[in-house]
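> Residues per chain, in single letters:
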Amino acid sequence: MIPITVCAGCDARFFPERLLCARCGSSEVALGEVSGGVVEEATLLRRVPGAALLNAVPLGSVRFDGGHPIIVRLDQRAERGARVELELDGGAPVARLYRREST
Amino acid sequence: MAEALIVGAAESPYRRRAEPGTTTAQLLRDAFLRALASAGLEPRDVDGLGVASFSLAPDHAIDLAWRLGLRLRWLTEDTNGGASALNMLAHARRAVEAGDADVVVLLAGDVLGTDDFRRLVDGYNVATRDHLAPLPFGGPNSLFALLTRRHMLRHGLARETYGAVAIAQRAWAGLNPGAVYRAPLTMVDYLSAPLVADPLGRFDCVPIVCGADAVVVARDRPGVRIRALAASYNPDGQEGDGLVSGLPGRLWEDAGVGPGDMDLVSVYDDYPAMVLVQLADLGLVSGESLARFVDTEIATRRLPVNTSGGQLSAGQAGAAGGMHGLVEAVLQLRGQAGHRQVGGARTAVVSGYGMVAYRYGACANAAVLEAAP
Chain P
1 MIPITVCAGC DARFFPERLL CARCGSSEVA LGEVSGGVVE EATLLRRVPG AALLNAVPLG
61 SVRFDGGHPI IVRLDQRAER GARVELELDG GAPVARLYRR EST
Chain V
1 MAEALIVGAA ESPYRRRAEP GTTTAQLLRD AFLRALASAG LEPRDVDGLG VASFSLAPDH
61 AIDLAWRLGL RLRWLTEDTN GGASALNMLA HARRAVEAGD ADVVVLLAGD VLGTDDFRRL
121 VDGYNVATRD HLAPLPFGGP NSLFALLTRR HMLRHGLARE TYGAVAIAQR AWAGLNPGAV
181 YRAPLTMVDY LSAPLVADPL GRFDCVPIVC GADAVVVARD RPGVRIRALA ASYNPDGQEG
241 DGLVSGLPGR LWEDAGVGPG DMDLVSVYDD YPAMVLVQLA DLGLVSGESL ARFVDTEIAT
301 RRLPVNTSGG QLSAGQAGAA GGMHGLVEAV LQLRGQAGHR QVGGARTAVV SGYGMVAYRY
361 GACANAAVLE AAP
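First to last, the sequence lines map onto chains P and V. With this note's numbering as the guide, the letters of the first sequence map in order to residues 1 to 103. With this note's numbering as the guide, the letters of the second sequence map in order to residues 1 to 373.
Just so you know, these hints were derived from the structure itself, not from any lab. Errors might be hidden in some of the hints.
[Claimed, not checked] Not close to chain P: a few residues of chain V, all C-beta gaps over 10 Å, as computed:
| no. | residue |
| --- | --- |
| 1 | T22 |
| 2 | D102 |
| 3 | V196 |
[Claimed, not checked] Which bits of chain V does chain P cover? Going by a derived footprint, with three or more residues having C-beta under 8 Å, they are:
| no. | segment |
| --- | --- |
| 4 | 74-84 |
| 5 | 135-146 |
| 6 | 275-288 |
[Stated by the list, open to error] With the Cβ distance kept under 7 Å, some of the chain P side facing chain V (calculated, not the full set):
| no. | residue |
| --- | --- |
| 7 | L19 |
| 8 | L20 |
| 9 | A22 |
| 10 | G25 |
| 11 | T43 |
| 12 | R47 |
| 13 | P49 |
| 14 | P58 |
| 15 | L59 |
| 16 | R73 |
| 17 | A92 |
Glycine included, every Cβ here is placed at the ideal spot set by N, Cα and C.
Bound conformation, chain P alone (with noise of 0.2 Å):
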């Protein structure tokens, strides 16, 4: 699971938190919980400028249930359309495929 803002007015669902909805404008938000999206693209991340990093960081944008792309550390590589599970790792969402989306 992962902490989502959600409108009380119109449903619209945001990561990370709003002050007021970006749809609709009310102020009548509410947190909420999202746990699962769809990988849109990934990357793996080589190198950090200036950094050692000891292994290469899958990374992605993945559309979260009912909401917009989000960017987590996804547990394997993954396609595009892969489904995953959302949760919330100090902070960063994490993402764990646990399978294809069929297309």
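Chain P is already provided as a structure; the job is to place chain V on it using the hints.
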């Protein structure tokens, strides 16, 4: 009130690393003096100051004004990174035309070491500090790797198209003694360079350097005209694909000229994909194929793009990155661009872009400039 013009522009030479002991304030002072000299003005003529810098802290614009000995009636500081220069220009232009100031100097520059840069990008805003830095994400390279993947898919592009942009800009840099990276770049070099974050390799990622830029805005003096300025901030709440910047808005209507009238272009180039995104947004891409456009227009210089070498080859001096292309366009329109001078350049469009709020830049702006008659 008379029209505000850009009456001076200069760059304090970029360096891969600053000389030991060099401070941001010193580089800003150098750019300040160079720009005033190019305008034929003295520090005592200045009554307005705008500053953009990530590394001036804990000093602010007023501290810089104090240390420069300036007596001002207009002062601003801009935190909008790659969009700061044109944002400040928009404000300064109105201030000068309204009579709130007579001579405004706009400064942007940074001295950022590797550790400074890492701290900067990991603490860029609350969302980044809390949700990107712990991934880890390694700064904006990974975010623009994802954006470039979307761009490749959208337009059916291979890495070679982005390479052709980097190579064309490096060729321009070879004509610019102020560019930090000037050695010719081949497609073999580009494709064989180490990957940073797939599909981005080393030559796709803007190199961090130290330096400063400055422009002077005043009226009743010879200068470059600002035909129009347009801006777009937070156009899609970071929920889109980042493949549009939100421009041009009313830029061309206000300018009274069109993209086809431009003699040269300075677009904000943190990554080659963003060069192509902004060129397309500004209506500068002819034909249906981006790959063909790059080969026939950019690589051949039929459309001179980022004639200094751009940030990809001149380097990105922190917040100065947003002013670098503006200074280059002003030099070109004043016929002061040396061996890289675009013959007969009369018109230019300049764009700024930046401030990655979460997934891509949240700020974009552009100006249409015209040489003095």
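> Failing hints, ascending?
Hints 3, 4, 6, 7, 8, 10 and 14 not satisfied by this model.
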